[in-house]
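Participant: Now for the letters of each chain:
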Amino acid sequence: MGEAIVITSGKGGVGKTTTSANVGTALALLGKKVCMVDTDIGLRNLDVVMGLENRILYDLVDVVEERCRLKQALIIDKRFEHLSLLPAAQTKDKHAVTPEQMKKIISELKQDYDYVIIDCPAGIEQGFKNAVAGADRAIVVTTPEKSAVRDADRIIGLLEKENLTDSPKLVVNRIRPNLIDNGDMLSIDEICSVLAIDLLGLVPDDEHVIKASNSGEPTVMNPDSRAAIAYRNIARRILGDAVPLMPLHQKTGVLQRIKKFFVG
Amino acid sequence: MSSKSLVTIKGIKEGLLFVLDDEAPLTEVIQDLTYKLEHTHSQFLTGPLVHVFVRLGKRSATEETKQSLIESFSARGNLIVQSIESDPIEAEPVLAAAASGMKTFTGIVRSGQTLHHDGNMLLIGDVNPGGTVTSTGNILVLGSLRGLAHAGIGGNHEAVIAASHLRPTQLRIADIVSRPPDEWGFEEAFMEFAYLHEGVMEIDKLSRLHRIRPQLGMSKGE
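Residue numbers (my numbering), protein chains in the order written: chain A, 582 to 845; chain B, 1100 to 1321.
The hints are simulated quantities; they were obtained by calculation from the structure and are not laboratory data. The reader is advised that the hints may include incorrect statements.
[Said to hold, decoys possible] Label pairs and their in silico Cβ distance ranges: (1) B/1307 to A/623: 50 to 60 Å; (2) A/821 to B/1289: 31 to 41 Å; (3) B/1319 to A/688: 58 to 68 Å; (4) A/820 to B/1253: 50 to 60 Å; (5) B/1289 to A/747: 27 to 37 Å; (6) B/1296 to A/768: 28 to 38 Å; (7) B/1307 to A/770: 27 to 37 Å; (8) A/681 to B/1253: 41 to 51 Å; (9) A/706 to B/1253: 49 to 59 Å; (10) A/743 to B/1316: 36 to 46 Å; (11) A/593 to B/1200: 41 to 51 Å; (12) B/1307 to A/792: 53 to 63 Å.
[Claimed, not checked] If you want the footprint, here are the derived chain B segments under chain A, 3+ residues with CB under 8 Å: (13) 1170-1182; (14) 1203-1210.
Ideal Cβ positions, reconstructed from N, Cα and C, are used throughout, including at glycine.
Based on the sequences and whatever the hints tell you, model everything.
Facilitator: Right, dumping it as structure tokens:
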């Protein structure tokens, strides 16, 4: 019996899909059986980021409306033997699926996979409810911007009402250490003190991520990328390893404080 | 019995208006009422039917009070009690109710969430930006107040808002709205509280609370 993890944020454009793709791939690289589920019906992206768009035959809505079996809709990623994707439909909208139907699909997937990574759409409406319905754990993605932190806070409030086995975990994405040093960007300490949930990982802003998503190769496969290391660390922490936070830049100071926050 | 009369009788168009003192114990008031009805004012109170209206002031019009008053009046057959009323509730009873008890809450009031309590509230936890705490009495936050707090809803101008870390998006006390920091002239405040001074919101150190709002709690004495 596997575990379903929803990746959500409230605000759009903070990197939910990128995080889903990379964390999913990283878990697969660590030898786990992973299925990624795109619940952003009508605005699907996860297949594009994974470079699997051209292999879609059936989608989530086809499964729900019983035009195909669940197994038929799953795309098996040929680069990794343990990675599959259940794509969303592009033609329908979020109301094509109900939370109960999602719950059923996710629990069916949990029979066969170690981890089911659910990519949540932006917003707090039907799409969010669908995505959260079948999840056991949640990862909240935010960026060091006030608006993103506000929305993450709202989402955490909503997640606390769901029956999750664990409190949500935080990933801070697109960190630019120079801006934080100058005081132009929210510091990690500030974000953590407002949101008051456990930090799962810090992902620096990295050009490789943009290149990778355009070429359909997840960043984690690139050994030069700093974001890739961050995502691999996040995957290891999901598995329960104690991995220290990597330095955001060579200087210490900020990092020491973050470490202190995380450990103590 | 005090020199001040506990029962005032006034003639009004519809009949007689009895204004009862609301501070003395009820038994004393009734004693004085009976005395007046039977002795000093008996000459005015005999004769044709007279409608009687009773004002209780700030004393609440409970069934018990009403019953004992009606009994006193029934001694005079010509007095018909039409109404027994308290003054409409103003800010002060709210304050009295608020000062009497404090409700404790724990947890984080996150963006989009609201927490309301009738009376004094103590929140152990934070109020995040976008979160709202409201109360008819005082609001005390043992944590960071970063969202909106509205104390003294219903017109209690004496209410205060205090927090370990006072950094709100907006503060409201009764009908006064204030937002930091441009109106207060500081950026961050630790262990401070907001109160109304002549209709304007002001901030001061928590250590001065007992001087500004001495009625908030029992003094620790000397």
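Participant: Now tell me if each hint is right for this structure.
Facilitator: Evaluated hints:
1. B/1307 to A/623: 50 to 60 Å: 58 Å, holds
2. A/821 to B/1289: 31 to 41 Å: 38 Å, holds
3. B/1319 to A/688: 58 to 68 Å: 59 Å, holds
4. A/820 to B/1253: 50 to 60 Å: 54 Å, holds
5. B/1289 to A/747: 27 to 37 Å: 33 Å, holds
6. B/1296 to A/768: 28 to 38 Å: 36 Å, holds
7. B/1307 to A/770: 27 to 37 Å: Cβ of residue 1307 of chain B to Cβ of residue 770 of chain A: about 31 Å, so the range 27 to 37 Å holds.
8. A/681 to B/1253: 41 to 51 Å: For residue 1253 of chain B against residue 681 of chain A, whose Cβ atoms are near 43 Å apart, the range 41 to 51 Å holds.
9. A/706 to B/1253: 49 to 59 Å: Given range 49 to 59 Å: violated, Cβ gap about 35 Å.
10. A/743 to B/1316: 36 to 46 Å: 40 Å, holds
11. A/593 to B/1200: 41 to 51 Å: Given range 41 to 51 Å: holds, Cβ gap about 45 Å.
12. B/1307 to A/792: 53 to 63 Å: 59 Å Cβ-Cβ, so the 53 to 63 Å window holds.
13. 1170-1182: Violated, because only 0 residues of the region 1170-1182 of chain B bring their Cβ atoms closer than 8 Å to Cβ atoms of chain A.
14. 1203-1210: holds (count 3)
Comparing the model with each numbered hint stated earlier shows that hints 9, 13 do not hold.
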